[in-house]
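Colleague: In order, the protein sequences belong to chains L, B, A and H.
The first sequence maps to residues 1 to 485 in the working numbering.
The second sequence maps to residues 1 to 485 in the working numbering.
The third sequence maps to residues 1 to 485 in the working numbering.
The fourth sequence maps to residues 1 to 485 in the working numbering.
Keep in mind that the hints were calculated from the coordinates and are not lab data.
Hints are supplied without guarantee of correctness; some may be wrong.
The list treats identical chains as one, so a pair stands whether inside a single copy or across any two.
Calculated lysine to any residue pairs in the SDA-like style (CA-CA distance at most 25 Å, straight line) [to be verified]: (1) Lys158 <-> Val62; (2) Lys76 <-> Ile263; (3) Lys158 <-> Tyr264; (4) Lys126 <-> Ala450; (5) Lys126 <-> Leu466.
On a predicted model such as this, the values are computed, not experimentally measured, just so you know.
Protein chains: 4
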Amino acid sequence: MLFDFVRSPCALLDGLVGSTAYDAVLDAYQAWWEGEGCAVSDAVDRARTPWVRMFDTAGKRVDEILYPPEYWGMLKRGYCSGVLWRAFKDQSLLPSFLLIYLTSFYDCGLSCPYTVSLSTALPLSKYADAGLKKRFLPSLLRDDDTVWQGATWMTEIKGGSDLGANVETEAVPSGSTWRLTGDKYFASNAGAELAVVAARPRGAPTGVRGLALFLLPRRRQGGELNYSIRRLKDKTGTRSVPTGEIELRDSEAYLLGAAHEGIYIILEVLNISRVANGLGSVALAQRAIADAMSFAERRVAFGRPIGEHPLLREQFEERVRNLRAAFALAWEAGQLLNEVWQQRRPYSDRYHLFRLVAHLAKYWTAEFAVQTAKWCIEVHGGLGVLEEFRVERWLREAMVLAIWEGTAHRQLLDALEVIERKQAHHALIQYLDGTPGVADLRQLVQTIDAHLKLQAGERERTWEPLANRLAQATAEALVRRLPNH
Amino acid sequence: MLFDFVRSPCALLDGLVGSTAYDAVLDAYQAWWEGEGCAVSDAVDRARTPWVRMFDTAGKRVDEILYPPEYWGMLKRGYCSGVLWRAFKDQSLLPSFLLIYLTSFYDCGLSCPYTVSLSTALPLSKYADAGLKKRFLPSLLRDDDTVWQGATWMTEIKGGSDLGANVETEAVPSGSTWRLTGDKYFASNAGAELAVVAARPRGAPTGVRGLALFLLPRRRQGGELNYSIRRLKDKTGTRSVPTGEIELRDSEAYLLGAAHEGIYIILEVLNISRVANGLGSVALAQRAIADAMSFAERRVAFGRPIGEHPLLREQFEERVRNLRAAFALAWEAGQLLNEVWQQRRPYSDRYHLFRLVAHLAKYWTAEFAVQTAKWCIEVHGGLGVLEEFRVERWLREAMVLAIWEGTAHRQLLDALEVIERKQAHHALIQYLDGTPGVADLRQLVQTIDAHLKLQAGERERTWEPLANRLAQATAEALVRRLPNH
Amino acid sequence: MLFDFVRSPCALLDGLVGSTAYDAVLDAYQAWWEGEGCAVSDAVDRARTPWVRMFDTAGKRVDEILYPPEYWGMLKRGYCSGVLWRAFKDQSLLPSFLLIYLTSFYDCGLSCPYTVSLSTALPLSKYADAGLKKRFLPSLLRDDDTVWQGATWMTEIKGGSDLGANVETEAVPSGSTWRLTGDKYFASNAGAELAVVAARPRGAPTGVRGLALFLLPRRRQGGELNYSIRRLKDKTGTRSVPTGEIELRDSEAYLLGAAHEGIYIILEVLNISRVANGLGSVALAQRAIADAMSFAERRVAFGRPIGEHPLLREQFEERVRNLRAAFALAWEAGQLLNEVWQQRRPYSDRYHLFRLVAHLAKYWTAEFAVQTAKWCIEVHGGLGVLEEFRVERWLREAMVLAIWEGTAHRQLLDALEVIERKQAHHALIQYLDGTPGVADLRQLVQTIDAHLKLQAGERERTWEPLANRLAQATAEALVRRLPNH
Amino acid sequence: MLFDFVRSPCALLDGLVGSTAYDAVLDAYQAWWEGEGCAVSDAVDRARTPWVRMFDTAGKRVDEILYPPEYWGMLKRGYCSGVLWRAFKDQSLLPSFLLIYLTSFYDCGLSCPYTVSLSTALPLSKYADAGLKKRFLPSLLRDDDTVWQGATWMTEIKGGSDLGANVETEAVPSGSTWRLTGDKYFASNAGAELAVVAARPRGAPTGVRGLALFLLPRRRQGGELNYSIRRLKDKTGTRSVPTGEIELRDSEAYLLGAAHEGIYIILEVLNISRVANGLGSVALAQRAIADAMSFAERRVAFGRPIGEHPLLREQFEERVRNLRAAFALAWEAGQLLNEVWQQRRPYSDRYHLFRLVAHLAKYWTAEFAVQTAKWCIEVHGGLGVLEEFRVERWLREAMVLAIWEGTAHRQLLDALEVIERKQAHHALIQYLDGTPGVADLRQLVQTIDAHLKLQAGERERTWEPLANRLAQATAEALVRRLPNH
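Turn these sequences into a full structure, and let the hints guide you.
Modeller: Printed below as a string of structure tokens:
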């Protein structure tokens, strides 16, 4: 087919972004996946949720996650390749984003540990005092198998959208540290050596304003476990990251930044994972198209490969077109974050522009990933729904991408908010000024301005189609700004 | 919410179709599902693919499918309620369709055994000679637990779309019977006492014209197994029907109808399953909306149930609107089939109209089911992708509905063909004449007429959006003709 | 074969015990198992550990055990047949023992819920004050599906043999009730509506003297869950009883009997389960022999059924001989318990005699069950280790029987203790006076008297062969006293 | 404890056999297992039976076994270490036996591929013509990851004991090769590149005399699959070797040796696997004792580690004693085989002596392995039956060892036969002449001579206890001849 670049994430990056300082790293990483990693990833997915060995035979609580040994090899590969340490060495998120894109093409669940480790390292480096930073940061930035992992634990049993109402974990000061007690219900990368945890200091106000962010190590100063894994969740997808329920009981923790600014720091943490989610979604969609392509080239019906049938051919072309657009949108979110990630309150307009683009990207690329994975199954016909052929896996993964870090509903409303409060849509127009095709976008912004005059409930109710158009138009404009467009 | 009728398939049927002679049967059947069946269905899905005990301890091949006992209870319930025997007693497919709708609301995979049993009984009753009919039909029409099941086995390893090229099973005459040898790759309801099987008589022409349809019992006249189950497929969904790979080796079989008309009889068989698939898709979508509704009423965010948030509320309304339309379309396919199912070649125009509506319905309702199931997961947020809560099940099921009986791609092209060859779109307009809103449809038909003038490849390549509009417009017109609109 | 009675537990009971008032009940129960129960039991075993739904979608902790519906039907069958209520109605444990024997022939894990329910009802009826008894006992004694279940939770993480050291659950008085806090590590019949729980009242002495027994309902007076199921254990066998880890956190409980007599009441509770375990072991061994017999009659080698080969035939005969002896021993333990179960401290000599016989029976029959199950697998050859044929199941079950209620090691030492302290071996001789063959036993008792003069460590070290001989000789003497010997 | 050597297979070998030329190889191999292999083996066991991908997405039959990648790494490690190539390079089975012992300590199922590869290479090297040998043998003897594997497929559906009656696979000559058609029911190492297969040439006599042995490659000369894997068996243990059902359909094969001597060659093949089974059983028992020891040192009851309790301590001592004896017996079988493996018919007396010792060893060590594994579980108490702790695994493995290569029943009768026909028990006495303690054995031989005078049925019926004593006495005599006794 014409779309050969779709088969390889390095080829797509090269085609759309062009050469970077990391080409050799990426090539080696991709070669490892093609040679060994894919088979390991398949085996991990096939094995379903790993067991947790909660106690050892001596009756000591150990909470050991029994992934097969090769899982750990696969996991460490990305850290060693520099998904974390390069960001700090080069003071740029670019290598992280590139490696996360590649990882996600092969195993988008595995990108989660990398992302949450980054989301732990960043506030630690930005908001912790020197002692804490010195004590913990280097372990996260190792380039060998002894590297520590991070984790981000916000959501509790009542749901993750409304953190202000639903975080009930309480933090109590204890000397220079804090003690946290509560249960985290969707705890990504359970078992990590460090986590950043949302909690409410005793006496703090209700709502989001009362939340603070804490750094919580896996082991207490005395070496005992500092948190318990109540269980791992049986997720349908992204089995390469252990998602658990975590029990905190007087767990030692360290405040990051000022308690009253906690919610802003939490949102900064989420910025990273939303951007990573966007890139991962695009990579997953690329993978689904690539797999569909391989199949369509080999499966014959009515005398020729099905990929040559006009209707299916048209479907491929449309999806490759959208792949470019989706990539452009997700990539721009990453570029903008790379500009603003060191900012603190009060944030610049560029920060708000980033937020708008990030929400649109998270929303739109996840939807694209789901629809593309679903279509990939259909291309495979009956084989698509057989576990044996693994094609159905991409849809299971994509559904998780569409939900964690905030569902479409959440992204839509957050995008609306930053438009209402910060006029971020105007910043967008300004930012894209001069890009071919921005005229359409300009018209759309006027429509949005009119929409903002609606009464609140109505404004929200009818927002979805407009937001969809905004995401699409932005993506299409951004495609034209890609280096190798 | 306003959509209370969505919670119950009987309520929806009552609301849209009105009262029928089967209300008491349906009420009792729904009550059984609510009281017992749902839990059984959940357990069967949770248990994944059942084992096949291939040999007994004496070394005799037995190919026994080890579903839990309660599965068989659940399965027989539908037969006893009349999903098969009522159709023959009342000479109407209506009770079958009603019961399949209900079944599919609770377990759409279970509708498959019913559908393929119906698809076995119909050609047997229509095309078999009196002796064969007398010998086998009554067993299929029993109203107790000794009822036999049917099955329809067409697809082979190279794919199911292009049967003409891919059916390699050979039939050789042997006295008054035939012997079949070949492998069926997607054999629904493996283990059934009877199957209708596509095969090519030795010496018959290549392509679809050389196919014939045979009746094949599970046991030979001497009592031995007449086919082998090579294995059951590990499907992601519809685990309530055992789909297997079947080996035929000199298997005893009986020709149904004339050999040279085989392909038409095969298509008649598929008519039934496509209609059933459409009804099942709508029922599944109803279920997904119902589950989302229950959740949205209970989950609170930002101080009120999420179902009251304007954006989500809007999404509910849109889906309920589409549910009505999808039902109308699927139901119409069933009504038309009920008119034409006794026809033989040469078929009437009404038959071709049926085919058009059936293809549109199969295509459009399956897409609706998938999108609704996907949305239902998103409404549940993180809980949606946990196996524990079963919400993710509906998407696994829906993906199967979108594929078996022909993918969207197949339905689109078949619809195009019946339009091209039989001008079925004009029959549609005529059929809907007088329905409010048919004007839009009329305009669309003109567009299609223009489209038909395109060169073949181009016609196919750009057909999808037109077909989509045709399905939607037809559905919306049909809503207005529903008894209780 | 000659051993036809081995095929049916009713036949064995009839042959060895003779007719009882419960023949019709037992016949009906056996018929149900043969007709339906066996297939359900197989399916439950095949499904492995059931899931626990820990939270509902509203985020409320529910700890619902997701057995398939048919499990509950199977479970309730025994209660309805009278495994509990008959004991209280007839003031005799006989019907319980008979029904447990039958149950264990088909599913020895299922006997556990019955046994622990009995072990809950007995101390409740014996030691609770009138109000408590009135409030809770009737629910346990219902004869319909609404019956409550009991459970016995003693063991904690450090092990079950040395309860005195290892029970760390603390009980604190709270008005007229108590509050318990601690973790139970092997909690049989997790999910039961009532449990009897070993705990240490705050301030009580260390060691076994400080233990007390409490009644603990599943729900608090206000309706909330009173305990949490941390998880179910993945046991290799006896999957028909959910064994869990239980968390007690200020759980409401009621003291049974005097706190300072707790350990005696706990031992009375264990008396019941040890006797039941003995009967269950014999029934399991009978089942293994029966299955081996069916196979040996059908499998042919060297021209005849393998059951007719002299060496295998000899193995059958020996095992059937041992089956009778093992039954006699287990049955006698039951008879003696039926005499003494209403006793309170200070206990009679008959009580101590019971304890000796019960320890010997628990030890010896479990060993017999394991060895017979292992041999049954060997008789089946390669088929024996295939999960498909379920033969390997009996060994998995037997291994559990050999361990819970105290391993062989524990039984041996407890038997030694009751011999040392209470001279129970002399009571045994006296009890069996006049039985043919008691002379051998008399001589053995003299050897034991000599053994008791050894230094303590040496006495324990060399006790096993003597105990083994004592169990065997007792069993063989008891065979001759069976009603239908 | 005193038994430190039990913890390490190298230490045991060093203690009992002394230093060999392979010490460094063994040390490195053991180090790999301790460092990496154990965790891989656990994961493979935990993952249960691997999937077979029967067809690829293009519909081509591929029969690919989906072990996780790390399985293949573990498997190849033994081949690279020299479990095969060293035997041919050094013309000695010693390195194979040593490596198989080590392997079995860690994963006795994995020894099966090694053993059957050896059992393929030996007849190939001994009986194939030069061309065949040159074509296939080098692939089996590679020392890198490209090494081929062998397999031995004898047993069919009616059972493996009576091959003469039950092998129905037919061989038909076809030019210089043969075509085999039939089904193998327990096919160890399914998927191997080469297999030796028992079949009956068309026209050959019934019974064992009509059997011949064939070499059968996985792929035909043209590259297509030469056999099909119908399915893998769900075994309870030894999951590190894929055991399958194999379909041969006109499969290309090569006769090994003369057709009329086939049964002798088949028995030579079994010689190897019986000896390997004996060594594997001892290694497994050692592992079970080692694990029990670790636990008994850590678990405390009544104030001290349970390993210090006199009764348990006594049990340890007895088992370590038996471990030495069992090793001596299994090792002797290996030494004798190393003497006779190059012999052809007519065999020497030494060959018959070997057969006697091999049967006794297979029988007695497997029983020891089962009993020790069972006891190891009991030592662990409740933890022993939890899948989480893997202790139960040894019993599952041991049960397979007791069955494949012939059950106890088979070994007993074969030992009796070689005594009857070849007076092998007298050869044994002669062989052990001068060994301390041989007097007891001499007396036993006289008892056996008397036993031989019994009528045939009676001789067989009462043979087991005698054979048991013979095995034990032989083992105890052999202990005294161990190099480092």
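Colleague: Could you figure out if Lys126 and Leu466 sit no more than 25 Å apart (CA to CA) within one copy, between two copies, both or neither?
Modeller: neither (36 Å within a copy, 55 Å between copies)
Colleague: At most 25 Å between CA atoms: does that hold for Lys126 and Ala450 within a copy, between copies, both, or neither?
Modeller: Neither: 40 Å inside a copy, 64 Å across copies.
Colleague: Please work out whether the CA atoms of Lys76 and Ile263 approach to 25 Å or closer within one copy, between two copies, in both situations, or in neither?
Modeller: The answer is neither: 31 Å in one copy and 53 Å across copies each exceed 25 Å.
Colleague: Up to 25 Å between alpha-carbons, please classify Lys158 paired with Tyr264: within, between, both or neither.
Modeller: within (21 Å within a copy, 46 Å between copies)
Colleague: As a check of your reading, is Lys158 near Val62 (CA-CA no more than 25 Å) within one copy, between copies, both or neither?
Modeller: between (28 Å within a copy, 14 Å between copies)
The structure shown violates the earlier hints numbered 2, 4, 5.
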